[in-house]
Amino acid sequence: MSELTQDYLDRLDRVQPKNLPGDLDLFDEETATRGIRLNKAAYSLKDEAQRTLFLKDEERWMAQFELADEEKELVRKRDWIGLWRHGLSIYVMVKLSGVTDTPLPEIGKQMRESGGK
Amino acid sequence: MARVIGGIGASHAPSMEHVYDAGDEVREAEEWQPLFGPFQEVAKWLEELQPDRLVVIYNDHMDEFFLNAYPTFALGVADTYRIADEGFGARPFPPLPGDAKLGWHVARSLVADEFDPTICQELEVDHGVISPLPMVDFAEGEGGWKIPIVPLAVNVILHPLPTPRRCWKLGQALRRAILSYPEDLGVVVVGTGGLSHQLTGPRFGAVQEEWDREFMRIMVEEPESLCELTHEELILRGGTESVEVVNWLAMRGALPADARPVVEAYYPHRIMGYGLQAYAVNGATS
Chain Y
3 MSELTQDYLD
13 RLDRVQPKNL
23 PGDLDLFDEE
33 TATRGIRLNK
43 AAYSLKDEAQ
53 RTLFLKDEER
63 WMAQFELADE
73 EKELVRKRDW
83 IGLWRHGLSI
93 YVMVKLSGVT
103 DTPLPEIGKQ
113 MRESGGK
Chain L
9 MARVIGGIGA
19 SHAPSMEHVY
29 DAGDEVREAE
39 EWQPLFGPFQ
49 EVAKWLEELQ
59 PDRLVVIYND
69 HMDEFFLNAY
79 PTFALGVADT
89 YRIADEGFGA
99 RPFPPLPGDA
109 KLGWHVARSL
119 VADEFDPTIC
129 QELEVDHGVI
139 SPLPMVDFAE
149 GEGGWKIPIV
159 PLAVNVILHP
169 LPTPRRCWKL
179 GQALRRAILS
189 YPEDLGVVVV
199 GTGGLSHQLT
209 GPRFGAVQEE
219 WDREFMRIMV
229 EEPESLCELT
239 HEELILRGGT
249 ESVEVVNWLA
259 MRGALPADAR
269 PVVEAYYPHR
279 IMGYGLQAYA
289 VNGATS
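So the protein lines, in turn, are chains Y and L. Each residue of the first sequence is one higher than the one before, counting from 3 in my numbering. Each residue of the second sequence is one higher than the one before, counting from 9 in my numbering.
No wet-lab data here; the hints were simulated from the structure. No experiment lies behind these values; they were computed from the predicted model shown. One should not assume that every hint holds.
To be verified - Example chain L residues on the side facing chain Y (calculated, C-beta under 10 Å, incomplete):
(1) L75
(2) Y78
(3) A92
(4) L166
(5) E241
(6) L244
Stated by the list, open to error - Computed footprint of chain L on chain Y, listed as stretches where at least three residues anywhere in the stretch have a Cβ under 8 Å from a Cβ of chain L:
(7) 4 to 13
(8) 34 to 46
(9) 69 to 82
Glycine included, each C-beta is placed from N, C-alpha and C at the ideal position.
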């Protein structure tokens, strides 16, 4: 691989935050790639039939998606920080928090105590 | 020909929906009057202005668009827009009336101007549109929605995002699109989102009042200067999710430089800096 060219780096400066402190995160290539399975799963909860299935049989609901065991465990534990660290977008997370009846302040409390990524 | 007769910048948030849906008593309670009071003033102003269309620049929150195909810009060209189910059941509003003909005109004009939105004949709108809109554009009971809309969605979620300068230019191109529409329509351009908020990580809930107030001043007096900021600078000032303010910037780009707010409010409350500006355009009022 060659080094990145200066003209590309200049363009990158316009769109890619590089110097954010660790406690300010982005949903970008890395997060979107890491989180795709969890995001797909939680996004399904837009659909009422999926919400019904989730409430009836959470394991069967999870089995529809190619979640890693570790990811399933995070869902079971309602580990919002863990889910965030594994790339679940906050906007998709609220669909999971909705079906599990978790108020946003509870997620906020965990976030504030998380100490970052 | 169509005219741009006003502009509105407004925060959007599920909290605003909860308050609205709880009814008059909660809306008029002291806690929310600093925000809902000014929204009523905007509704009154709009009632007098009598716009024929609203173009609503907003962002979707993975309610219509998802990671399988996330558009940088997306434009509605439909005659009706359903309310998205965001995971809790859709809010009980009738579908919003649209204007497919105007939508297609805007699509052609934007693409001719080298803006290339995803063109949507179906589009479900989420709280990016319908958290602020009922406050200014909905009559309860028989009335329903008053003004047909054209929705224009901007990606502020999945980086890389369109730059603030790009969004400003999008607003300018939208203005050219509206002004070139042959029907005599009065159009108000709405930009929703922001202001400061942080929904992830240990800074969850942080509100940056000083920056928000400065942002609103700049929006009025020297909006184009915001094009100099990067997303990184916006995030450092207002939080990760505050980059939504580029929707305001696009709205402002569609207005003449001398447009000035007739209603303005800022309310830092709980986990949000709520902002509201309604811009009058010279010569547009009767």
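Given hint Y78(L) near chain Y, where the shortest CB pair must fall under 10 Å: holds, 9 Å
So, as I understand it, the hint says L244(L) touches chain Y; can you test that by seeing if any CB pair is closer than 10 Å? Status holds, d = 7 Å.
Is the shortest C-beta separation between L75(L) and chain Y less than 10 Å? Since chain Y brings a Cβ to about 6 Å from L75(L), closer than 10 Å, the hint holds.
Close enough to count: is the Cβ of L166(L) nearer than 10 Å to one in chain Y? Cβ of L166(L) sits 6 Å from chain Y, so the hint holds.
Within 8 Å of chain L's CB atoms, at least three CB atoms from the segment 69 to 82 of chain Y: coverage verdict: Our answer is that it is violated, as 0 residues pass the Cβ test (under 8 Å) against chain L, missing three.
Checking hints one by one. Is E241(L) an interface residue toward chain Y, by the C-beta closer than 10 Å rule? Holds - the Cβ of E241(L) comes within 10 Å of chain Y, reaching about 9 Å at its closest.
Coverage criterion applied to the segment 4 to 13 of chain Y (partner chain L; beta-carbon cut 8 Å; 3 residues): This one is violated; 0 residues, fewer than the three required, reach chain L with a Cβ under 8 Å.
Taking the least C-beta to C-beta distance, is A92(L) closer than 10 Å to chain Y? holds, 8 Å
Please verify the coverage claim for the segment 34 to 46 of chain Y: does it have three or more residues whose C-beta sits within 8 Å of some C-beta in chain L? Contact hint for the segment 34 to 46 of chain Y vs chain L: holds, 5 residues under 8 Å.
When each numbered hint is compared with the structure, violations occur for hints 7, 9.
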